[in-house]
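Engineer: Residue numbers (my numbering), protein chains in the order written: chain D, 12 to 475; chain P, 11 to 262.
Note that these hints are calculated values from the structure, not bench results. We treat Cβ as the ideally placed atom computed from N, Cα and C, and that holds for glycine. Any given hint might turn out to be false.
Unchecked claim - Among the chain P residues that face chain D by a calculated CB cut under 8 Å, a handful are: (1) Arg88; (2) Leu93; (3) Ala116; (4) Arg117.
Stated by the list, open to error - Residues from chain D that keep clear of chain P, each with C-beta distances beyond 12 Å, as calculated: (5) Leu90; (6) Ser107; (7) Pro120; (8) Thr328; (9) Leu403; (10) Ser415; (11) Ala462.
To be verified - Pair by pair, the computed Cβ-Cβ distance ranges are: (12) D:Asp243 / P:Tyr129: 33 to 43 Å; (13) D:Asp395 / P:Ser236: 56 to 66 Å; (14) D:Met397 / P:Asp16: 54 to 64 Å; (15) D:Arg376 / P:Pro62: 42 to 52 Å; (16) P:Trp81 / D:Leu77: 51 to 61 Å; (17) P:Ala195 / D:Asp243: 51 to 61 Å; (18) P:Lys248 / D:Gly416: 41 to 51 Å; (19) D:Leu117 / P:Thr32: 55 to 65 Å.
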Amino acid sequence: MIPSAAVSEPPVDSPEPLALGEDAPEPTPPAGKGGLFLPPPVQKDQPTWFQERQWKAWEKFESLPLPHRKDSAWRYTTLGKLDISRYTPAAAVDSSAAEALAARSLGGPEVAGRLVTVNDRVVQRTPLSDELRAKGVVFAPMGDDLSAQRETLLRHFMANESVLGSQKFFALHQAHVRGGTFIYVPKGVHVELPLESFHWIAGEGAAIFPHTLVVAEEGSQVTLIDYLDSADRRQNGFVCGVSDLYVGAGAKVTYLAAQNWGEEVVALKMNTAHVAAGGHLTSLHVNLGARYDRLESHNLLAGAGARSDMLSATVATASQEFDQRTLQDHLAPDTGSDLLYKNSLSDKSKTIFSGLIKVAPGAHRTDAYQKVRNLLLSDDAEADSMPGLEILADDVRCTHGATSGFVDDAELFYLQSRGIPRLLAQQLITQGFLTEVLTRLDDPRATARLADLLAAKFERMKPR
Amino acid sequence: MSLKIDNLHVSIGEKPIVRGLTLEIQPGEVHAIMGVNGSGKSTLAKAIAGHPDYTITSGTVTMDGEDILGWESDERSRKGLFLAFQYPNEIPGVSNANFIRAAVQARLGEGEELDAVEYYERLYSKMDELGIPREFTARSVNEGFSGGEKKRNEILQMMMVTPKYGVMDETDSGLDIDALKVVAAGVNAQRGPNLGLLLITHYQRLLNYIEPDFVHVMVDGHIVQSGGKELALQLEDKGYDQFREPSPALVS
Ligand SMILES: Nc1ncnc2c1ncn2[C@@H]1O[C@H](COP(=O)(O)OP(=O)(O)OP(=O)(O)O)[C@@H](O)[C@H]1O
Ligand SMILES: [Mg+2]
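Same shape as in the complex, but just chain D (with noise of 0.2 Å):
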């Protein structure tokens, strides 16, 4: 539960609490629509202030038009995907779903710390150890009482707007969120194990509103790894997420996302990450499941000499589409960014980067890397991208480039002249073109780890 103490005075960021309660006026749907379209249940148990955001995010849904094919942020976009009137939001699911949903959530052999969540409410947790709580070091579900947390949320919980896109879909989160993942890390404290957490969806037309944020004080470090997986592959459902990672001064976090949904899962998630003077993020995604997958990263380098590494890497076969839009955000001199998103694409499936390097007047000596690479393995797959530069600063370095192209012939000649048969070459080349994106991690295990749940992709793929 998010921090009751705000309810008799109501927080300086929400200057005008709406009327809440008997005399609220019922949003009308617009005609014929349901589903998504429909207000969000009222959440009784949560604080008063945090009731007045939801409702205000409803009012803003309502008001924001839906995307537009004209519209730049989703150029490309299939928009027919995103039909919101098909899915409701999720229920509990009962507790046998919920045990055996936990048992299948296998992460490392060593954690710091583990929550599942299903549709939204956690069914199992590892709970930190004392000496990291007594460090200070808060991993918990926000369903719990935060209280003792309170300035950190309400300074940091969707305190970044959406700017990639997803305006509607970003308050359409606001309006529903229940839950979600809450990591808090002292000054100068180091959780040197991962956090995991995983996240299901379970149930025919569920919709899921997964929440993270991660708050890593000045000097701190932390790693965590969300798992994104689904209870049944064949159910429809959405995913409408938002992750807000705040890297203090000087300190480092890790944040890795496995995205294994259902392949009936439409599924947007928007990313921002805020970092501070000296701090470091590196942040992957992989990107293996969903019919439609959107990922919005907004990388701000708010400080002096703060650095963002921001990788991903993309599964696409079948019918898939992966929309992928990237802004990095120089505001601090001496920051660096560098963006590396590596896609293969089978059958008919798509991708879309579009992503944009701003250096802001003062963010001189910035160095700002991207690149995209797309490895074809079919006529019939379709790679858009739109690389961006908005430079308006001295003395700066940027590269950006996006690159198409076939598995190379002479790589495949070589593992088939090993015996290997030539889809398995194929399917061996495509999986190291991949890998190589894990390895910049610097951290084996993980590496390890993203690198089984690729290989699983494959195999699900492979031709018998």
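Starting from the known structure of chain D, arrange chain P with the ligands on it as the hints suggest.
Structural biologist: Positioned in the frame of chain D, the structure of chain P with the ligands alone reads:
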């Protein structure tokens, strides 16, 4: 039983490179081909291995009586042919251990799984024999390997898949003298009645360590002279000019 190349003609695009080459390698034999740069040695090797860019315009290649020219290169390999590349390819992101494992696994029958423990034991013992440090299992195939390390890695693969016929394309070039001895020892350890070898080389030196039964001189896409190992010494001494076909103007 033999690897038999009969009057083979190979073109790249429209350009004939191998022009009527005949050679038979019996199990247990070691043959060496020496020839000037560009005479078509690597073309011959890759054509035998089934490189799709090389067109066989006429002639046959059979392995133990079976015509292999209709087979894809992976099938040729599984049936017992091995080519150690002159310029081995780099495969980014694929670990050397996984690559070799896939090659070994490809030789097992349907549903048969490789025993991982046995595989690694065997891999490590061969690596020790060739003086390849353990960390090379985790490194991407040939990526960032020195020239000599790549060549050792080729021989490692050959040892792991135990072919019936091996074609080694300039495995000696790029090796320092110590590495040459190690690699030669590895090859010699495999020599025996079940392995036929074709060594392609420019240097007599290799043949001091791996003694050939036959030496062939290749010029302009075919063999112009065959003999014993003394032929290599003669080449070292007098060069290739003695074998070059005189131009028609000089003949008349
Ligand atoms: N892909 C290609 N396209 C065009 N010509 C080629 C190609 N590959 C080889 N050639 C030509 O074929 C001829 C024979 O090349 P090959 O590599 O077989 O020679 P080699 O005898 O192995 O030479 P070296 O001793 O230098 O290794 C050369 O003239 C070369 O330029
Ligand atoms: Mg050659």
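Engineer: Which earlier hints can't be squared with this structure?
Structural biologist: Per hint list: single violation, 11.
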